[in-house]
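Student: If you want the building blocks of each chain, they are given just below.
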Amino acid sequence: MEQQAKEVGVIRQDTLDAAAFLDELAQYPSGDKIKNCMQCGVCTASCPLSFKMSETPRKIMEMIKAGLRDQVLSSDTMWYCASCYACTVRCPQGISLAEVMYALRTIAMKTARNLSTSFYQTFSDTVRRYGRMHESDLMIRFALRTNPLSLLRMGPLGLRMMMKGKLSLVPPSAIRGAKEIAKLYDKVAELEGGS
Amino acid sequence: MKYAFFPGCSLHSTAREYYDSVVASMAVLGVELEEIDDWNCCGATALSSADTLLSYALPARNLALAAERGLPMAVACNSCFVTLNRANAVVGQDSPWRAKVKDALKAIGRTLDKPIEIRHTLHILHEKVGLDAVRRKVTRPLEGLKVAPYYGCQIARPRNEWSDPEFPTEMDEVLSAIGAEVVRYDRKTKCCGGALMTTKEDVVLEINEQLLREASVRGADLIAVCCPMCQMNLDAYQGKINARFGTDYAIPIVYYSQLLGFAMGLDEAKMGFSRGFVPAAKYLRKYA
Numbered sequence: 001m002e003q004q005a006k007e008v009g010v011i012r013q014d015t016l017d018a019a020a021f022l023d024e025l026a027q028y029p030s031g032d033k034i035k036n037c038m039q040c041g042v043c044t045a046s047c048p049l050s051f052k053m054s055e056t057p058r059k060i061m062e063m064i065k066a067g068l069r070d071q072v073l074s075s076d077t078m079w080y081c082a083s084c085y086a087c088t089v090r091c092p093q094g095i096s097l098a099e100v101m102y103a104l105r106t107i108a109m110k111t112a113r114n115l116s117t118s119f120y121q122t123f124s125d126t127v128r129r130y131g132r133m134h135e136s137d138l139m140i141r142f143a144l145r146t147n148p149l150s151l152l153r154m155g156p157l158g159l160r161m162m163m164k165g166k167l168s169l170v171p172p173s174a175i176r177g178a179k180e181i182a183k184l185y186d187k188v189a190e191l192e193g194g195s
Numbered sequence: 001m002k003y004a005f006f007p008g009c010s011l012h013s014t015a016r017e018y019y020d021s022v023v024a025s026m027a028v029l030g031v032e033l034e035e036i037d038d039w040n041c042c043g044a045t046a047l048s049s050a051d052t053l054l055s056y057a058l059p060a061r062n063l064a065l066a067a068e069r070g071l072p073m074a075v076a077c078n079s080c081f082v083t084l085n086r087a088n089a090v091v092g093q094d095s096p097w098r099a100k101v102k103d104a105l106k107a108i109g110r111t112l113d114k115p116i117e118i119r120h121t122l123h124i125l126h127e128k129v130g131l132d133a134v135r136r137k138v139t140r141p142l143e144g145l146k147v148a149p150y151y152g153c154q155i156a157r158p159r160n161e162w163s164d165p166e167f168p169t170e171m172d173e174v175l176s177a178i179g180a181e182v183v184r185y186d187r188k189t190k191c192c193g194g195a196l197m198t199t200k201e202d203v204v205l206e207i208n209e210q211l212l213r214e215a216s217v218r219g220a221d222l223i224a225v226c227c228p229m230c231q232m233n234l235d236a237y238q239g240k241i242n243a244r245f246g247t248d249y250a251i252p253i254v255y256y257s258q259l260l261g262f263a264m265g266l267d268e269a270k271m272g273f274s275r276g277f278v279p280a281a282k283y284l285r286k287y288a
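Sequence lines, in order, name chains A and B.
Number 101 in my numbering belongs to position 101 of the first sequence; there are no gaps in the numbering.
Number 201 in my numbering belongs to position 201 of the second sequence; there are no gaps in the numbering.
Next up, chain A with everything else stripped away, as it sits in the complex (with noise of 0.2 angstroms):
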């Protein structure tokens, strides 16, 4: 029996603490609704890139009510979230699972190390820097963190880029308000109780 129930991917209930996880995510938008899930499967149906996920956005959502916190935050399912938003409009629960994937990534983001994180994270960084984006200035960082060698085949593209005039070497001249941007990251930690 052990043993079918395993081919058929039904999920076992490792934990008794489900709600645990329901009441983290429950902090997060949208949260709140996971317990509405039905498992109709019309989230994986309309996902792009459902096909390449290691668990399904369905079965995710079972995962999260069963209260298995570590497989979901292991899984690469919400790495792959492209925020589309197909699954978002068409749940017939009113569950935004994109936003549900934002939560989840928020909350690996504190502990997983992936070229994911380490991309988010240096945009942050690099917002927090400037007050806007600076492709190039994200990119070598972003290679030095996780590949210095990437830099290498990132090149040609990224020559090419500069040669339409859509990409500069030159450091940008961060925004007049660049300090204000400063203090709403020190003000925004505060208020999330300096984490």
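Hints are computed from structural coordinates only; laboratory data are not their basis.
Among the hints, a few may not be true.
[As the list claims (entries may be wrong)] The calculated lysine-lysine pairs, modelled on DSSO-like cross-linking and capped at a C-alpha distance of 30 angstroms, are:
(1) Lys33/A with Lys102/B
(2) Lys102/B with Lys179/A
(3) Lys282/B with Lys240/B
(4) Lys110/A with Lys100/B
(5) Lys114/B with Lys183/A
(6) Lys52/A with Lys200/B
(7) Lys137/B with Lys286/B
(8) Lys200/B with Lys164/A
(9) Lys102/B with Lys187/A
(10) Lys35/A with Lys100/B
(11) Lys146/B with Lys164/A
(12) Lys65/A with Lys33/A
(13) Lys102/B with Lys183/A
(14) Lys282/B with Lys270/B
(15) Lys65/A with Lys100/B
(16) Lys179/A with Lys100/B
(17) Lys106/B with Lys110/A
(18) Lys33/A with Lys114/B
(19) Lys164/A with Lys190/B
(20) Lys200/B with Lys110/A
(21) Lys100/B with Lys187/A
(22) Lys114/B with Lys179/A
(23) Lys270/B with Lys164/A
(24) Lys52/A with Lys240/B
(25) Lys33/A with Lys200/B
(26) Lys286/B with Lys164/A
[As the list claims (entries may be wrong)] Pairwise CB distance ranges, derived in the manner of DEER restraints:
(27) Arg218/B with Asp76/A: 29 to 37 angstroms
(28) Gln210/B with Met38/A: 28 to 36 angstroms
(29) Lys282/B with Ala26/A: 53 to 61 angstroms
Quick caveat: nothing in here was measured; it's all calculated off a predicted structure.
C-beta atoms are modelled at their ideal positions from N, C-alpha and C, and glycine is treated no differently.
Given chain A, put chain B in place with the hints provided.
Tutor: Just chain B now, with coordinates in the frame of chain A:
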């Protein structure tokens, strides 16, 4: 008609042709896009993934700047559009987030009492300017030019009052108004993967190949877009897609505003067609 224009970071760099063409063509139609002074990055999906409160507070500073100026906001980038709307919605809801966003803004001397009006430039064109006004300005009708209208995701979703979330038609109608032949394009709101091109390149190339394939099957000369992410993924990576999948697509990816400006007689060079990786010139020559 005057708007506080939020161009967003892409329109200052990778999508400069969008900036130039949308500002110039809207001006011809009597819409002044006045760039918001000292605007900041909206944070896009990266900040929504990293820090919830910050992902509201960063765009909220821009909303406050537009409110200070006393103008409705115009946005040209889909990603900025969804991010600014997401923060705007929170300001209108009685939620713990609203109080925190206001506190954060207060700390930098800004206030935002209520949501502001935010419109995508394509919606302004379609709803406010109107198709008749567009038709009256056309001096070079693009008759015979086959265009696939590609909206991407975030202009239509999650929800707004102007676009159908699955099958919007406003770009189709604008393109028809300038004389172009709009081809059927069922993938018009299927995702291009956006910023995942950086972290999940293999699969994002795959879904972009599907977008190009349908445009090709439908006989499109080019694809019109309304978002810098879509433009970049489909255009700058088209060579890589061809190499990966053994295809030979050569489909120019242009902004609706470039075609609009060109059709209204604006200088072809100023519309920035040459910034595209896949050249569009051969399709435009006969109208120039």
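Student: Are the Cα atoms of Lys164/A and Lys190/B separated by 30 angstroms or less?
Tutor: holds (27 angstroms)
Student: Between the beta carbons of Gln210/B and Met38/A, is the distance compatible with 28 to 36 angstroms?
Tutor: holds (30 angstroms)
Student: Quickly compare the C-alpha distance for Lys102/B and Lys179/A to 30 angstroms and report which way the hint goes.
Tutor: Satisfied, since the Cα-Cα distance of roughly 18 angstroms is no more than 30 angstroms.
Student: Given the hinted pair Lys146/B and Lys164/A, is their Cα-Cα distance within 30 angstroms?
Tutor: At roughly 25 angstroms apart (the allowed maximum being 30 angstroms), Lys164/A and Lys146/B satisfy the hint.
Student: Between Lys282/B and Ala26/A, does the C-beta distance stay in 53 to 61 angstroms?
Tutor: Given a distance of about 56 angstroms, which is inside 53 to 61 angstroms, the answer is holds.
Student: Measure nothing beyond the straight line between the CA atoms of Lys282/B and Lys240/B; if it is 30 angstroms or shorter, mark the hint as holding.
Tutor: With a Cα-Cα distance of about 22 angstroms, the restraint between Lys282/B and Lys240/B holds, given a limit of 30 angstroms.
Student: Holds or violated: are the alpha carbons of Lys286/B and Lys164/A at most 30 angstroms from each other?
Tutor: Holds, because 24 angstroms separates the two Cα atoms, which is no more than 30 angstroms.
Student: Check the hint pairing Lys100/B with Lys187/A against an upper bound of 30 angstroms on the C-alpha distance.
Tutor: Holds - the C-alpha atoms of Lys187/A and Lys100/B are around 10 angstroms apart, at most 30 angstroms.
Student: Holds or violated: are the alpha carbons of Lys33/A and Lys200/B at most 30 angstroms from each other?
Tutor: Distance of about 29 angstroms is within 30 angstroms: holds.
Student: Is the hinted pair Lys200/B and Lys164/A satisfied, with a Cα-Cα distance of at most 30 angstroms?
Tutor: Holds, at about 25 angstroms.
Student: Quick one, are Lys35/A and Lys100/B close enough, alpha carbons at most 30 angstroms?
Tutor: Holds, at roughly 26 angstroms.
Student: Can the restraint linking Lys114/B and Lys183/A be considered satisfied, given a maximum Cα separation of 30 angstroms?
Tutor: Holds - the C-alpha atoms of Lys183/A and Lys114/B are around 22 angstroms apart, at most 30 angstroms.
Of the numbered hints listed earlier, not one is contradicted by the structure.
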